[in-house]
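Trainee: Knowing the structure of chain A, use the given hints to seat chain B on it.
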Amino acid sequence: MATRLEAPTQRPRDVEGEVLLEGVTRRFGDVVALQDVTLRAAAHEVVAVVGPSGSGKSTLLELVCGLQAPDAGRVVAGRAVLMPQRDLLLPWLDALDNAALPLRLAGRGKAPARDRAHTLLTQLGLDGFERARTWELSGGMRQRVAVARTLLAGAPVLCLDEPFGALDAITRADAQGWLAGVLAREPRTVLLVTHDVEEAVLMADRVVVLSPRPGRIVVDVAVALPRPRSATDPAVAALRARALGALRSAMEGGA
Amino acid sequence: MLAALLVLLLLGGWEAYARLGGIDEFILPAPTQVAQALWDDRGLLWDNLLVTGQEVVLGLALALLAGAALAIALHAYRPLRRAIYPLLVGTQAIPIVTIAPLLAAWFGYGLLPKLVIVALVCFFPIVVTTLDGLAAIDPDQHKLLRTLGASRAQTFRWVEAPAALPAALSGAKIAVAVGGIAAVFAEYAGSENGLGHLLLQSIPQLETARAWAAVVVLAALAVFCFSLLALAERHLAPWAHRRKDLDA
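From first to last, the protein sequence lines stand for chains A and B.
For the first sequence, the numbering used here assigns the number 1 to the initial residue and increments by one for each residue that follows.
For the second sequence, the numbering used here assigns the number 1 to the initial residue and increments by one for each residue that follows.
In isolation and in its complexed conformation, chain A is listed as follows (with noise of 0.2 Å):
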């Protein structure tokens, strides 16, 4: 409910693009949902978080975008822009309005918005799907869509909620795909939260793999592939199992 919104924290902003949480812990009643978390995300950096359900990774984007505070320790980042699981697109606007509503937020004319808008739509391949109501689209399409929805908010930090979790695998890998040739492109620094150890290796510069409740950063892998990744390579494959082992002895250590 709008009206139970309380008004964005204020946070310091001289750090734009840059993310830094620092002890951070918080709680909800008696449950830990973070304890102690230490992450830095470097301006452009793309950072995977990666942790079994209930590990505090929703809240800790939550905590980046401004949506929560933390109960001890700080959060510093620049503006940053929620992307959720589910494409949450608005079916009374077409294609290109759901894309241009961030511009349409911040005061733009119609025409302009959607001349933006169009051109990265394009980008993102969907020429001739403008004007197409959301229940046209395929959940491919959907997502592309709240991807340039979020870009177009101009924000330097992308906090994505695992923007593919509910794509069939075949769909996923070509979102992978066309998500990393737009961030190529425009480069923000991400927080790209995902269940999918694969998805995390093939797309980010780190992997940090959270342990369950109360979640807390159990290993901090670096990525430090060339792009495009695939999935076949063997540097990949390793690193892929090395955050799963981290993950696996997490779980067990936490259980």
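The reader is advised that the hints may include incorrect statements.
Unchecked claim - Derived list of chain A stretches under chain B, where covered just means 3 residues or more per stretch with a C-beta under 8 Å from a C-beta of chain B: (1) 47–61; (2) 80–92; (3) 99–105.
Hint data in this document are derived by calculation from the structure and do not stem from the laboratory.
Don't be surprised by glycine CBs; every beta carbon is placed ideally from N, CA and C.
Mentor: Just chain B now, with coordinates in the frame of chain A:
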């Protein structure tokens, strides 16, 4: 198909009972007699339909305006919702039959008291469904809008208002079904024309078939208004219709 068969069976049974049961036509006219009255009195029925139709349509429009406005106010200001909602439910317990003569005494025999009564009856379902529509926004949608920097007014303009539109129209569809009854009560309380007035006159005059004909016309009016609203919903909110398709 089955529905048509059922109606035919009912009408046939009624016809047979009225004709062969030795029932006085002043007590229960046969369907064919009602049909005859519909034809014979078509001019009279049409003139009165126009009067009642105007009352229902304008009353419903008034209810939509006032209902949507109140729903928005209650949605925007939560304490108001807690304060007014019980009162609103309470008003629905007021027997319209008893306040209709009062309204006639206050506002005269013209159109106004009829509009007030129709609107009073139609108002409630519209407020309830619109309010639910406004409140039914996905919490994640609100989070997304917040990170996009949407203001309160923008959230309303881009998300809440369009989401509530099909709900308001659903409320209106419920309302229009009872709107005709409200108009009849309003005319009972004091009027010189309208289908309710015609009903009130026909029964003591032992024109029972004409009274039934008026009821048939009243029913047709409700069906017509309902279909019009359903059509409006398809055009104004195609996504609502679409979502139902997907769920089915």
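Trainee: Could you tell me which of the numbered hints above are not met by this structure, giving the numbers in increasing order?
Mentor: Of the numbered hints given earlier, the structure breaks just one, which is hint 1.
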